[in-house]
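Trainee: All chains, full assembly: derive it from the sequences and hints.
With the sequence shown counted from 1, adding 9 to any position gets you the working numbering.
Errors might be hidden in some of the hints.
What the hints assert, rightly or not - Computed spacing ranges between beta-carbons, pair by pair:
| no. | residue 1 | residue 2 | range |
| --- | --- | --- | --- |
| 1 | Phe224 | Val166 | 14 to 24 Å |
| 2 | Ala203 | Val13 | 21 to 31 Å |
| 3 | Pro226 | Ala203 | 35 to 45 Å |
| 4 | Val14 | Ala203 | 39 to 49 Å |
Stated by the list, open to error - Calculated cross-link-like contacts (lysine-lysine; reagent style DSS-like; alpha-carbon spacing at most 27 Å):
| no. | residue 1 | residue 2 |
| --- | --- | --- |
| 5 | Lys155 | Lys103 |
| 6 | Lys102 | Lys155 |
| 7 | Lys155 | Lys200 |
The set of hints was computed from the structure by calculation and includes no laboratory data. Glycine residues also receive a C-beta, built at the ideal position from the N, C-alpha and C atoms.
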Amino acid sequence: ALYVVLLLSGINLVTADLGRHLVNGERFLQDWRVLETNTYSYTHPDFPAPNHHWLFGVLAYLTFLAAGFTGVHFAFIAVSVATFLIFFSIAQKKAGVLLTSVAALVLLPIIAERAEVRPEALSYFFAGVSFLLLRNYRAGTLTAGKLGLALGLIQIVWVNSHIYFFLGWVLVGVFLFESAVLNGLRAQRTKTLALCFILVFAVSLVNPFFLMGMFAPFTIFSDYGYRLVENQSVWLLHRVLNRPLLFYFELMFAMLAASFVYVFLRDRQSTQPAEVLLGAGCGAAATLALRNFTLFGLFALPLLAENAARLLPRA
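Mentor: Written as structure tokens, this is what we have:
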């Protein structure tokens, strides 16, 4: 409920990207060729500008036609809350409701940092579903066939919705690395995850721009044009902004890192390499760019709660 309240801030159409996404969807439905044009430029209309989040624009525009700005906003809130509940449920299975609720409460200011209607909400949702599927496969409650089918379908939608689709590769990759280390390269689980990695990588080609779209995450900053606050590191923002949330993030990241160190020293066998890599990776990503705060907060929720459960004395 508190998360919903934090997401209910008004949409400032002067500064928000929502207007552009809505027009993207409208123009795509009129002529799909606008995907490749620099639609909003007067001086450089022929400059290559692949619209890597075109599908979000279509979904947002169709929602706008049905229910206006209010409907778009509530759809964004619904996706955000669903994502939060996925990560909450992951943590609750091992840490219980109380520890998970405490972890959620302390991480909520970071999770709610990105409260504007953006396509990245779909990335958080797909990342949460993929994380849940991979953990279920590791626990033996999901078959290899269902895992591959689900991850493949998610990736096809993801690559056309938001540029963070490469997180699908990362998530499968860290679980593949974990299996290779713990089970060996010839283990069936390792082979299955290797095939899943190849699958999510290959289906990323299912986008209007083919290789250009697939590798957009690695080329987008080559000619970005100007510096956005959301793309700046915590260290730089400390010098130009007075935001207590920056210090709070550093505290939460340090707490998460300390919990992993303590768990490793106390019970090395319970340390799971995939979770360690994800915690370190999301923390590093948030340190390098403000836009990754919510991603860190969501993954830190189950990781911090589960580490706390391991550290507390058992009844």
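Trainee: Each hint needs a verdict: does it hold in this structure or not?
Mentor: Here's how the hints hold up against the structure:
1. Phe224 to Val166: 14 to 24 Å: For valine 166 against phenylalanine 224, whose Cβ atoms are near 19 Å apart, the range 14 to 24 Å holds.
2. Ala203 to Val13: 21 to 31 Å: Violated - the Cβ-Cβ distance for alanine 203 and valine 13, about 40 Å, lies outside 21 to 31 Å.
3. Pro226 to Ala203: 35 to 45 Å: violated (22 Å)
4. Val14 to Ala203: 39 to 49 Å: holds (44 Å)
5. Lys155 to Lys103: holds (23 Å)
6. Lys102 to Lys155: holds (21 Å)
7. Lys155 to Lys200: holds (15 Å)
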